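Chains A and B, in that order, give the protein sequences. Letter 230 of the first sequence, counting from 1, is numbered 230 in this note's numbering, and no numbers are missing. Letter 308 of the second sequence, counting from 1, is numbered 308 in this note's numbering, and no numbers are missing.
These aren't lab readings, by the way, just hints derived from the structure by calculation. One or more hints might be untrue.
Here are the computed lysine to aspartate or glutamate pairs in the DMTMM-like style, where the Cα-Cα straight-line distance is at most 25 Å [to be verified]:
no.	chain 1	residue 1	chain 2	residue 2
1	B	443	B	149
2	B	154	B	204
3	A	43	B	67
4	B	191	B	81
5	A	43	B	123
6	A	43	B	50
7	B	130	A	38
8	B	3	A	257
9	B	142	B	458
10	B	145	B	203
11	B	191	B	178
12	B	266	B	237
13	B	266	B	239
14	A	43	B	129
15	B	241	B	288
16	B	74	A	38
17	A	43	B	72
18	B	3	A	198
19	B	356	B	293
20	B	74	B	123
21	B	74	A	99
22	B	128	B	32
23	B	198	B	458
24	A	284	A	303
25	B	128	A	38
26	B	155	B	201
27	B	305	B	204
28	B	74	A	101
29	B	365	B	81
30	B	3	A	364
31	B	3	A	375
32	B	365	B	129
33	B	241	B	293
Not the full set, but computed from the structure, chain B residues with beta-carbon under 8 Å of chain A [claimed, not checked]:
no.	residue
34	19
35	23
36	24
37	35
38	40
39	42
On a predicted model such as this, the values are computed, not experimentally measured, just so you know. Glycine included, C-beta positions come from ideal geometry on N, C-alpha and C.
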Amino acid sequence: MSSSNTTTITSVGAPNRRNTELALLVFAVAIPVYAFADAGLAKHGSVPAGLAEYGLGLGLLAGIAHLLVRKFAPYSDPLMLPIATLLNGLGLVLIWRLDQEPRLGAPMAPNQLMWSALGLVLFGLVLFFLKDHRVLQRYTYISMVLALVLLILPVFFPPVYGARIWIRLPGIGSLQPGEFAKIIIAVFFAGYLMVKRDALALASRRFMGLYLPRGRDLGPILVIWAISLLILVFETDLGTSLLFFGLFVIMLYVATERTSWIVFGLLLSGAGAFVVGSTEAHVKVRVTDWLHPLALQNGGVTETAQAMYAFGSGGLFGSGLGQGYSRLIGGIASKSDYILATVGEELGLAGLMAVLLLYALLIERGIRTALAARDPFGKLLAIGLSGGFALQVFVVAGGVTGLIPLTGMTMPFLAQGGSSVIANWALIAILLRISDTARRPAPSPAPSPDAEATQVVRSQ
Amino acid sequence: MNKPLRRVAVFCGLLVLALLVRVNYVQFVEADQLSSDVHNRRVAINQYAEPRGDIIVDGKAITGHTETTGSDFKYKRTYTDGPMWAPVTGFASQAYSTTMLEGVEDKFLTGDDDRLFFNRTVDLLTGKEKQGGNVVTTLNAKAQKAAYDGLGSKKGAVVALDPRTGAVLAMASTPSYDPSSIAGNSLTDEKNWTSLQKTSDADDPTLNRALRQTYPPGSTFKLVTAAAALQDGTSSDIDAKTDSPDPYTPPGTTTPLVNEGNIPCKKASLRDALKYSCNSVFGKLGDDVGLKDMVSEAEQFGFNKEQFVPVRSAASNFDTTMTPDHLAQSSIGQFDTAATPLQMAMVASAIANDGKLMKPYEVDKLEAPNLSTIAQTTPTQLSTPLSPENAQKLQSMMETVVSSGTGTNAQIPGVTVGGKTGTAQNGVDNKGIPYAWFVSYAKTDQGSPVAVAVVVEDASANHADVSGGGFAAPIAKKVMEAVLGK
Chain A
1 MSSSNTTTIT SVGAPNRRNT ELALLVFAVA IPVYAFADAG LAKHGSVPAG LAEYGLGLGL
61 LAGIAHLLVR KFAPYSDPLM LPIATLLNGL GLVLIWRLDQ EPRLGAPMAP NQLMWSALGL
121 VLFGLVLFFL KDHRVLQRYT YISMVLALVL LILPVFFPPV YGARIWIRLP GIGSLQPGEF
181 AKIIIAVFFA GYLMVKRDAL ALASRRFMGL YLPRGRDLGP ILVIWAISLL ILVFETDLGT
241 SLLFFGLFVI MLYVATERTS WIVFGLLLSG AGAFVVGSTE AHVKVRVTDW LHPLALQNGG
301 VTETAQAMYA FGSGGLFGSG LGQGYSRLIG GIASKSDYIL ATVGEELGLA GLMAVLLLYA
361 LLIERGIRTA LAARDPFGKL LAIGLSGGFA LQVFVVAGGV TGLIPLTGMT MPFLAQGGSS
421 VIANWALIAI LLRISDTARR PAPSPAPSPD AEATQVVRSQ
Chain B
1 MNKPLRRVAV FCGLLVLALL VRVNYVQFVE ADQLSSDVHN RRVAINQYAE PRGDIIVDGK
61 AITGHTETTG SDFKYKRTYT DGPMWAPVTG FASQAYSTTM LEGVEDKFLT GDDDRLFFNR
121 TVDLLTGKEK QGGNVVTTLN AKAQKAAYDG LGSKKGAVVA LDPRTGAVLA MASTPSYDPS
181 SIAGNSLTDE KNWTSLQKTS DADDPTLNRA LRQTYPPGST FKLVTAAAAL QDGTSSDIDA
241 KTDSPDPYTP PGTTTPLVNE GNIPCKKASL RDALKYSCNS VFGKLGDDVG LKDMVSEAEQ
301 FGFNKEQFVP VRSAASNFDT TMTPDHLAQS SIGQFDTAAT PLQMAMVASA IANDGKLMKP
361 YEVDKLEAPN LSTIAQTTPT QLSTPLSPEN AQKLQSMMET VVSSGTGTNA QIPGVTVGGK
421 TGTAQNGVDN KGIPYAWFVS YAKTDQGSPV AVAVVVEDAS ANHADVSGGG FAAPIAKKVM
481 EAVLGK
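This is chain A alone, in the form it adopts within the complex (with noise of 0.2 Å):
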């Protein structure tokens, strides 16, 4: 670890922002319900009976949620609340407006409303009930058994979909555990490469240019490794093994500074794609759709290729909310996996670009947290949060938008989805934790004895 002045904050006099959080808390607000208006105005007609409602829930919750960060972490980066509440509240018009489409099915925004608020709910338990972020390092091991347990669950439930990703509790309703497994896998790795960092950065031998570690620290990479290819195999799930594996390349890196690691990584990863991606059916097909995104299949056509269609017609500047045919692309996952194609399609390029760079923002914020950090398991969980957010961000949007092969994964706060929110609402609050930490001005020195005692003597 770099010992220069490298930190974005200075340890002094730091100001805590906090002002700056409300008034683009304001506009985070005021766009969605703007949003809504236009929406209604456009399917309607008329402005929508629960837009008074619905402001005014945003802008509760908004308040509330802000209310708590001013209490309980007053030195947490001032982006990440309002970035977050805008794209939740953006996702919410969406899922409304696709709502007005009576052919994809039951109304969703009111459950996701709820969500969201229950999501809310949980990222001020984390604020007050995590005190420092450093308590999860006693966790290390049960965050493990925890994170295979969500993991694994799902393989006893029927598929949806053709992706076994869902268990289905009575009375609740369909869980996706891996979005919760993000955060606790992160954690796990988090303390465990702060305890084994210098034995795998320091005993490896020097081979062709290469670090190689030795092979009882390489054990855990290729566990992992095996494990996220297994829940490709019988999940069928091919972004949260990505997702998986990728987070723990990235914290391996930074943990270890060596290279090396990456070299492994990608070329595990690139094998496993490889053997999976030419004899799973299902990634078989995607692998197939992506290629071809516009062939016809049993002469009609594909979901890839509707999408295409969306993004193609929404051109430069889109067609307005509630004035485009996302609903073209059918089934259900127009409100989630696909809910970017209706942003592309009503918001045009222009929109679709903006929703990408608060993305990018609010990555770019977690990582600076991660680099202002002043403890190794604060740095690393922060970087192991953000720098998943970002592969998800990066494995939905290039998947909608035919870069890679499509994969069943909802876009962050965007997409419908109930676990999918709840859990990044939790996953803001610990960012917000270890930036507050980070932030939070150091206590100004104790006064030295010696300073008054030593005297300067001029010499004549």
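Starting from the structure of chain A, add chain B where the hints point.
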């Protein structure tokens, strides 16, 4: 740990950059291609999102629109007198695309045509919805009605042209169908569509017989043979006796060309031969003219080429390589010779217009939604199959046919009418019901305002009764009367 952190930050930046490049590629570079892809349903949705412009005849719209509910498509096309106008309008169906004028002028009718760009821009600024332009046709509603009613329940087609300009005055085809019945995309429309297909209706009602069906032209083709003989100098005096035996046996065969019935064809003059429709005379005449000049004259009249009016017609056929016996048969409109009703109307109109063949057209002008003219068709000459003198000789022969020959049924009191009947053999050994043809023109002091070709293929008629004079001439007469205002 900060150095790798910065590298991870750069890596995440690259991920976002890749996404931004990709969405720019999809939504900017590929956008046009994707938004106009044939499988992109938005194309069809937009096509019917605003009412289409109208197709106009005699100042009145023969198309309209209704709003549909429970569908992606907002507006549905309706048609006034749909079956009568179907060969002109075609259909614009939410489910089955567009045909005929609706298809050819689709972009203009939907308002997407580049020529309407200025209007669209103005509409955009003033907040008006996109509007389609109107297609103003050259058709004559009375002539069309006369043609359609004249065909009645019989199978057949009528094309009437203004020989002076080439403007299409009537274009009827029976049996017909109502384009309104297949304009939507409901289950009823689907059922109607299925029942209109040739597989369920052998009469093929959606076939535009006037433009797309070719028939053996039978004796009406003798006009082309006579024109070729006059033009290349094989004959010059239409009242001089010809050196033709009865029956005539073409070289290279032992099968003679015989004449129908007991008619005076031996050494008959051209006028008499046309009046009585002598196969022997015109068969020999074709051989005397020779293949090269016959082909050239037929092609001057428009054979062997598709016509665009602007709707495409089928190409009529006159073989370019034939043995003399086949040439003799072809010269009386049999063997492989085939012509669309439009083609035979063009033959009659070229003769009536003193030898000048005008390019047939059915769109007079294209109007913007604010009724300003965007494009106006100017009549153009297609070719000169005949010199004026020869055209007048042929007119004189055709007038004899109507005044005292096989075409007396087409006589109109006080009007000079020229015509030619035809009874085309159909099928091997003439087993099928023959087609009855009549091509004619009417003439006034100001030249000829109308030339008509009628073909009737009536399976219900008694075989022996089918004749051009009996079946087709009365229809042609009605159409000419309608145009002349009689």
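Do the hints match the structure? See the list:
At most 25 Å may separate the alpha-carbon atoms for a hinted pair to count; residue 443/B and residue 149/B meet this at roughly 23 Å. The hinted pair formed by residue 154/B and residue 204/B meets the criterion: a straight-line CA distance of about 13 Å does not exceed 25 Å. At roughly 18 Å between alpha-carbon atoms, residue 43/A and residue 67/B fall within 25 Å of each other, so this suggested pair holds. Distance hint between residue 191/B and residue 81/B is fulfilled; the C-alpha atoms sit about 21 Å from each other, no more than 25 Å.
Proposed proximity of residue 43/A and residue 123/B is supported: the alpha carbons are some 22 Å apart, at most 25 Å. Pair hint residue 43/A plus residue 50/B holds up; C-alpha atoms about 17 Å apart against a cutoff of 25 Å. Restraint check for residue 130/B and residue 38/A: the C-alpha separation of about 22 Å stays at or below 25 Å, so the hint holds. Distance check on the hinted pair: residue 3/B and residue 257/A sit about 8 Å apart at the alpha-carbon level, within 25 Å; holds.
This hinted pair checks out: residue 142/B and residue 458/B have alpha carbons roughly 24 Å apart, not beyond 25 Å. Taking the CA atoms of residue 145/B and residue 203/B, the gap is about 21 Å. The hint holds against a cut of 25 Å. A distance of roughly 13 Å separates the Cα atoms of residue 191/B and residue 178/B; the hinted pair therefore holds under the 25 Å criterion. Proximity of residue 266/B to residue 237/B is assessed by CA-CA distance (about 17 Å); at most 25 Å being required, the pair is judged to hold.
Of the supplied pair hints, the one linking residue 266/B and residue 239/B holds, its CA atoms being roughly 14 Å apart against a limit of 25 Å. This hinted pair checks out: residue 43/A and residue 129/B have alpha carbons roughly 17 Å apart, not beyond 25 Å. About 15 Å separates the Cα atoms of residue 241/B and residue 288/B, which keeps this hinted pair within 25 Å; it holds. Using a Cα cut-off of 25 Å, the hinted pair residue 74/B and residue 38/A holds, with the two alpha carbons roughly 22 Å apart.
The suggested pairing of residue 43/A with residue 72/B holds, with an alpha-carbon distance near 14 Å, which does not exceed 25 Å. Proximity of residue 3/B to residue 198/A is assessed by CA-CA distance (about 16 Å); at most 25 Å being required, the pair is judged to hold. Distance hint between residue 356/B and residue 293/B is fulfilled; the C-alpha atoms sit about 18 Å from each other, no more than 25 Å. Straight-line distance between C-alpha atoms of residue 74/B and residue 123/B comes to about 20 Å, which keeps the hinted pair within the 25 Å bound.
Taken as a hint, the residue 74/B and residue 99/A pair is honoured in the structure, with Cα atoms around 21 Å apart against an allowance of 25 Å. A C-alpha spacing of about 24 Å is found between residue 128/B and residue 32/B, which places the hinted pair at or below 25 Å, so the restraint holds. At roughly 18 Å between alpha-carbon atoms, residue 198/B and residue 458/B fall within 25 Å of each other, so this suggested pair holds. For the hint pairing residue 284/A with residue 303/A, the CA-to-CA distance comes to about 16 Å; that is within 25 Å, so the pair holds.
Taken as a hint, the residue 128/B and residue 38/A pair is honoured in the structure, with Cα atoms around 20 Å apart against an allowance of 25 Å. Under the criterion of a C-alpha separation no larger than 25 Å, the hint pairing residue 155/B with residue 201/B is consistent with the structure, at around 13 Å. Taken as a hint, the residue 305/B and residue 204/B pair is honoured in the structure, with Cα atoms around 24 Å apart against an allowance of 25 Å. Between residue 74/B and residue 101/A, the direct Cα distance comes to roughly 16 Å. Compliance with the 25 Å bound is thereby established for this hinted pair.
For the given pair, residue 365/B sits about 22 Å from residue 81/B by alpha-carbon distance, which is consistent with the 25 Å threshold. For a cut-off of 25 Å, the pair hint linking residue 3/B to residue 364/A stands: about 15 Å separates their Cα positions. Note on residue 3/B and residue 375/A: the hinted pairing holds, with a Cα-Cα distance of about 15 Å set against a maximum of 25 Å. A threshold of 25 Å between alpha carbons decides the hint, and for residue 365/B with residue 129/B the separation of about 23 Å falls inside it, so the pair holds.
For the hint pairing residue 241/B with residue 293/B, the CA-to-CA distance comes to about 22 Å; that is within 25 Å, so the pair holds. For residue 19/B, the interface hint holds, since its Cβ comes within 8 Å of a Cβ in chain A; the closest pair sits about 5 Å apart. For residue 23/B, the interface hint holds, since its Cβ comes within 8 Å of a Cβ in chain A; the closest pair sits about 5 Å apart. Here the hint on residue 24/B is kept, as its CB sits about 7 Å from the closest CB of chain A, short of 8 Å.
Satisfaction of the interface hint for residue 35/B is found here, the shortest Cβ-Cβ separation to chain A being roughly 4 Å, below the 8 Å cut-off. Nearest Cβ of chain A to the Cβ of residue 40/B: about 4 Å, under the 8 Å cut. The hint holds. Checking residue 42/B against chain A: minimum C-beta separation of about 5 Å stays under 8 Å; hint holds.
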